[in-house]
Amino acid sequence: MSTTAEPPAETEEERVSYFRSGTSLRSWLLTTDHKRIAILYLLSITFFFFVGGLAAALVRADLMTPAPDLMTNEGYNRAFSLHGIIMVWFFLIPSIPNTFGNFLIPLMIGARDVAFPRLNLLSWYIYMAGGLFALATLVLGGVDTGWTFYTPLSSMYANGSVVLVATAVFVTGFSSILTGLNFIVTIHKLRCPGMTWGRLPLFIWSHYATSIILVLATPVLAITLALIAAERLFGLGVFNPALGGDPLLFQHLFWFYSHPAVYIMVLPALGVISELVAASARKPVFGYEFVAGSSIAIAVIGFLVWGHHMFVSGQSVYASAIFSFLSLVVAVPSGIKVYNWTATLWKGHIALDPPFLFAMGFIGLFVVGGLTGLVLTMLAVDVHVHDTYFVVAHFHYIMVGGTVSAFFGALHFWWPKITGRLYPLAWGRVAALLIFIGFNLTFFPQFLLGYMGMPRRYHVYPPEFQVLNVLSSSGAGVLGAAYLLPFVYLLWSLRNGAPAGPNPWGATGLEWTVASPPPEHNFAEIPEVTRPPYDYEIERHDA
Amino acid sequence: MSWLWPVDASAYADHVDLLLGGFTVLIVALSAPVFILMAVFAVKYRRGRVADRRHPVDNSVGLETSWALIPFILLLGFYVWATWLFVDLHRTPADALEIDVVAKQWMWKFQHPGGQREINTLHVPVGTPVTLRMASQDVIHSLFIPALRIKQDVVPGRYTTLSFTADRPGTWHLACAEFCGVDHSVMGGSFVTMTPDDYAAWLRTADTDATLAEAGAALFRSHGCSGCHGPSATVHAPPLEGLYGRPVPLEGGEVVTADAQYIRDSILLPRSQIAAGYPPIMPTFANQLGEEDVLRLVAYIQSLADARPEDRP
Ligand code: HEM
Ligand SMILES: [Cu+2]
Ligand SMILES: [Cu+2]
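So the sequence lines, in the order shown, correspond to chains U and H. Counting from 1, position 126 in the first sequence corresponds to residue 126 in the UniProt record's numbering; the numbering is continuous, with no gaps. Counting from 1, position 250 in the second sequence corresponds to residue 250 in the UniProt record's numbering; the numbering is continuous, with no gaps.
Among the hints, erroneous ones may be present.
Stated by the list, open to error - Restraint ranges, calculated between C-beta atoms of paired labels, are given here:
| # | chain 1 | residue 1 | chain 2 | residue 2 | range |
| --- | --- | --- | --- | --- | --- |
| 1 | H | 54 | U | 293 | 14 to 20 Å |
| 2 | H | 221 | U | 235 | 31 to 37 Å |
| 3 | U | 54 | H | 204 | 31 to 37 Å |
| 4 | H | 309 | U | 237 | 43 to 49 Å |
| 5 | U | 118 | H | 120 | 57 to 63 Å |
| 6 | H | 57 | U | 498 | 58 to 64 Å |
| 7 | U | 318 | H | 207 | 40 to 46 Å |
| 8 | H | 247 | U | 132 | 54 to 60 Å |
| 9 | H | 168 | U | 474 | 34 to 40 Å |
Said to hold, decoys possible - Which chain H residues stay away from chain U? Per the calculated CB distances, all over 12 Å, these:
| # | residue |
| --- | --- |
| 10 | 31 |
| 11 | 97 |
| 12 | 141 |
| 13 | 147 |
| 14 | 293 |
No wet-lab data here; the hints were simulated from the structure. Idealized CB from N, CA, C, for every residue including glycine.
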């Protein structure tokens, strides 16, 4: 396989594409090209998405009936813990930033690569090392702490490989920190001439905000996990009251990281949607400054609301009242984005192609997730629905309905850029629709279940909850199938799709000015930007 | 539609339902423009379709401020309502019937003031304010009574309380809402609300040899507390009569109130707070007494709240 004849049909542009700049495994594993590293991430997070999805399938199958069927109580607890841990740290957090962020940030700002290409590769290796620890945990029987690791359950009582899985999350954390650092420096230092802050695509703004959180919040998680390990291994009394510790301290530390972390999961998605909406409507994003500024506002205020996870923990009533208020404040910038996207569509030229359909699906589900978040912020209501399926439904609307839809939207929008191939649009529309329907069927009943009083993390439940659980599990079947569909036609398009050309959607943005797939160092000559972002031709004046 | 909406057993629960109902109307109103306009625009301004697209605007400070501020102000109204209800929930009524709760993997234990004990089932009278004083023997649990729309975490190392007044007699669910290990999902049972007469009758049939305070008094003697704190003690230890609910000056100069938590900590973590003027010689009882016993001792010391050291036998 060493010397192959040059394929005769290739154009000059395709021959130097990043895809063909080397074919050996070595050329992939030692690459410092941000685009190749993005592909490495894409393959690895897809793998973990399936592992986490399999665990969810087990959970949903068992919940078809009130009694335990497939698993023991212990087995069930391990299944949902694995599901949460894998999905959060090995799929969602790296999903959009590490694949699309890596691939697009240098292209969008007119740079040849990220600021520290080798560090970028190191991030991937660290992520994979963490992933191996997670898989080792799985092989050794897993953990039953939930993804939240509440103490003293996790630090003293749980059996299972708690320290191993904490190590897995600890290690991948460094990958997040390095990636965040790399993006921040890249965005500051490598913008091409004329690419001022006010001309940055909104995708860049939201990745900038995400990177700030990655760098500031992740170390807190690392410390917290290290303390759990220390208490478990050496009996250091930090969280266990029997050793003089405080179990609520853990919750404060954990949510101080994890609330910002939910924005790590959704901010990149918000950036994707701004790009998709503008390109689909062929209009500048309405209120560019407000949409950009709201990303930063979310990142900052997001650090001040962690106590809304602790309203019934015994936290003081005054603290709860303040956290409740701040949580209302953080909803405002999210609302601003949604209203601005809607206004962007006004007088646009809207194409009902897959990227647009995924974006609409995203907005619908994100709105439901966000508004039910406000329901949870209402103190007296939260006392009832905390730790019930209402919460499960809420965060899945955001993290799965929102972020995963945006991920698929991004995949359908930039696939031609990444691979140089077009996929069948009709199938893309079918997938977008099926995902939307399957998602609502799965998770809407869970709002009702939660208000009915079904606690989360329940293997065995009272029979009156069965109807809604069966609905939810059936929806999960539809959703699972819908998620598989794009893999079929996208892989098919790799061989059979028509060549995409540099700009199949007629979109603005520097990434569309280079060949598809882009050449190894992106730009033969560093471009110079002279126009505002999303500079579509619109009828500003009478014809 | 018993599979769509939860049953309710108190006026407070009705109030929470009303709050949620009102709030749902608001969030539907806030999101309706988005859903409707998105659909309308997608049809009207579909690419290739003729429509008036002249003079589009892509910036408007007025619009931005109004869609940031108007929803926020409307939300604030509900914030005040919900917070007020929440504060109300946390007010402990003075004349409440106090019932002790101890959670442990994976069961609920209840002790009534008369000494009646039950596991995984809680009987309470309707129309009477009830306060649960809750302790955990191991990990965090959460007592959840959906019919009352309330729950409260039960945290090891500290007492938490939950107050309510049930209004309708019946049998309802009681569950653990905080994930607590293997059998979390079966750590539940029944919450039985009864007329005061039925409750009194039930108390008589439930077997008990001593009230909670009497059981505490027995422990006080058998564990040697009286040897130091009793009238004939030879060591210098504070009298516990009249202690409960009073301010206690501590060694460091701080003054704390002798509530249930303070008494619990005095027994299990005596080194953490030393009463001023006394030697730190009290041993910890953490290895001898479980949370249930400690609650009995607390009940005993609480029963001495109005006694004076001089009256000791
Ligand atoms: C793609 C991304 C997904 C992410 C990031 C995600 C994330 C999470 C997280 C963080 C939890 C909390 C875990 C816990 O309570 O310990 C959870 C719970 C759950 N997820 Fe997902 N999820 C995803 C997809 C799905 C799908 C597709 C399904 C069903 C088909 C599903 C079904 C469930 C169920 C049933 C629970 C609750 C388990 C329980 O508490 O008993 N999830 N998910
Ligand atoms: Cu949060
Ligand atoms: Cu539990």
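Going down the list of hints, with the structure as the test:
1. At roughly 29 Å, the beta-carbon separation of residue 54/H and residue 293/U lies outside the given 14 to 20 Å, and the hint is violated.
2. Between residue 221/H and residue 235/U the beta carbon distance is about 34 Å. The supplied range of 31 to 37 Å therefore holds.
3. For the pair residue 54/U and residue 204/H, the beta carbons lie near 56 Å from each other, so the given range of 31 to 37 Å is not met.
4. A hinted range of 43 to 49 Å is violated for the C-beta pair residue 309/H and residue 237/U, which are about 36 Å apart.
5. Take residue 118/U and residue 120/H: their Cβ atoms lie about 60 Å apart, and the range 57 to 63 Å holds.
6. Distance hint check for residue 57/H and residue 498/U: the Cβ-Cβ separation is about 38 Å, which falls outside the suggested range of 58 to 64 Å.
7. Hint check: residue 318/U to residue 207/H, Cβ distance near 44 Å, so the stated range 40 to 46 Å holds.
8. For the pair residue 247/H and residue 132/U, the supplied restraint of 54 to 60 Å holds, since their beta-carbon distance comes to about 58 Å.
9. One distance hint, 34 to 40 Å for the beta-carbon pair residue 168/H and residue 474/U, holds here, with the actual separation near 35 Å.
10. Look at residue 31/H: its CB is around 5 Å from the nearest CB on chain U, not clear of 12 Å, so calling it non-interface is violated.
11. Every beta carbon of chain U lies more than 12 Å from that of residue 97/H, the smallest distance being close to 21 Å; the non-interface claim holds.
12. Not every CB of chain U is more than 12 Å from the CB of residue 141/H (nearest about 10 Å), against its label as outside the interface.
13. In this structure residue 147/H is not separated from chain U by more than 12 Å, as the shortest Cβ-Cβ distance comes to only about 8 Å.
14. Chain U leaves residue 293/H outside its interface by the beta-carbon criterion, the shortest separation being 16 Å against a cut-off of 12 Å.
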